[in-house]
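Enquirer: Chains as they are written, first to last, in my numbering: chain A, 1 to 112; chain B, 1001 to 1116.
Everything labelled a hint here was simulated from the structure, so no lab data went into it. Remember, predicted model here, so these are calculated numbers, not experimental data. Be a bit skeptical, because a hint or two may be false.
[What the hints assert, rightly or not] Far from chain A by the CB rule (all over 12 Å, computed), these chain B residues:
{"#": "1", "residue": "1020"}
{"#": "2", "residue": "1072"}
{"#": "3", "residue": "1104"}
[As the list claims (entries may be wrong)] Derived DSBU-like pairs (lysine-lysine); straight-line CA-CA distance at most 30 Å:
{"#": "4", "chain 1": "B", "residue 1": "1009", "chain 2": "A", "residue 2": "56"}
{"#": "5", "chain 1": "A", "residue 1": "57", "chain 2": "B", "residue 2": "1009"}
{"#": "6", "chain 1": "A", "residue 1": "40", "chain 2": "B", "residue 2": "1014"}
{"#": "7", "chain 1": "A", "residue 1": "3", "chain 2": "B", "residue 2": "1014"}
{"#": "8", "chain 1": "A", "residue 1": "67", "chain 2": "B", "residue 2": "1009"}
{"#": "9", "chain 1": "A", "residue 1": "68", "chain 2": "A", "residue 2": "40"}
Glycine residues also receive a C-beta, built at the ideal position from the N, C-alpha and C atoms.
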Amino acid sequence: EDKVVQSPLSLVVHEGDTVTLNCSYEVTNFRSLLWYKQEKKAPTFLFMLTSSGIEKKSGRLSSILDKKELFSILNITATQTGDSAIYLCATRGTGANSKLTFGKGITLSVRP
Amino acid sequence: NAGVTQTPKFRVLKTGQSMTLLCAQDMNHEYMYWYRQDPGMGLRLIHYSVGEGTTAKGEVPDGYNVSRLKKQNFLLGLESAAPSQTSVYFCASSRSRRTSSYNEQFFGPGTRLTVL
Chain A
1 EDKVVQSPLS
11 LVVHEGDTVT
21 LNCSYEVTNF
31 RSLLWYKQEK
41 KAPTFLFMLT
51 SSGIEKKSGR
61 LSSILDKKEL
71 FSILNITATQ
81 TGDSAIYLCA
91 TRGTGANSKL
101 TFGKGITLSV
111 RP
Chain B
1001 NAGVTQTPKF
1011 RVLKTGQSMT
1021 LLCAQDMNHE
1031 YMYWYRQDPG
1041 MGLRLIHYSV
1051 GEGTTAKGEV
1061 PDGYNVSRLK
1071 KQNFLLGLES
1081 AAPSQTSVYF
1091 CASSRSRRTS
1101 SYNEQFFGPG
1111 TRLTVL
């Protein structure tokens, strides 16, 4: 059974801090790893990673995958209160149905 | 495009009542999914569908049924609701790998269900 573990489960920082969110996985026939941000409602897509060592970047957010050590990190620099959310990591195997296995999520609170 | 929509947004049921949650997507996606989200549990897959007329069980299918009669709609049914089914339910859709290699899932806004 595929397994995704995120850490820490919750985190409180102050505006301007840099945070690193961790995601480790055990997946049969790994295909990709995805990061989502969830505020009040639906998760919204951030990144999809398929290759080791290639950083994906969007503004103050960046993410990288290590397929040898089976983990990914999501970095947020110069955090803002709007970054407060649950960050979900999910993995997809190579099966045709594109099912995702989600971690429990990391609750990030950014204080002014 | 509305993306993925869900109805209703909120519902309160009594134990033993039945109801159907509706998910609709206007992106012509082949795949659709139903998840439940509980505190500290992340998102867990209930059922999914890889095309019109086909459905399959996910991680936590017991107590739920689904139907995909039309490509754009995916219905989730609770035949006899139980308090353990109190949760937030999310629908999602994605392209198939046959049509796109970039097939992240798009989520609806969720339905908050309380079973008393």
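Enquirer: Hint by hint, say whether it matches the structure.
Expert: Hints, verified against the model:
1. 1020: holds (20 Å)
2. 1072: holds (18 Å)
3. 1104: violated (5 Å)
4. 1009(B) - 56(A): violated (34 Å)
5. 57(A) - 1009(B): violated (34 Å)
6. 40(A) - 1014(B): Status holds; Cα separation ~26 Å.
7. 3(A) - 1014(B): Distance of about 34 Å is beyond 30 Å: violated.
8. 67(A) - 1009(B): violated (39 Å)
9. 68(A) - 40(A): Violated, at roughly 34 Å.
In terms of the numbered hints stated before, the structure departs from hints 3, 4, 5, 7, 8 and 9, listed from lowest to highest.
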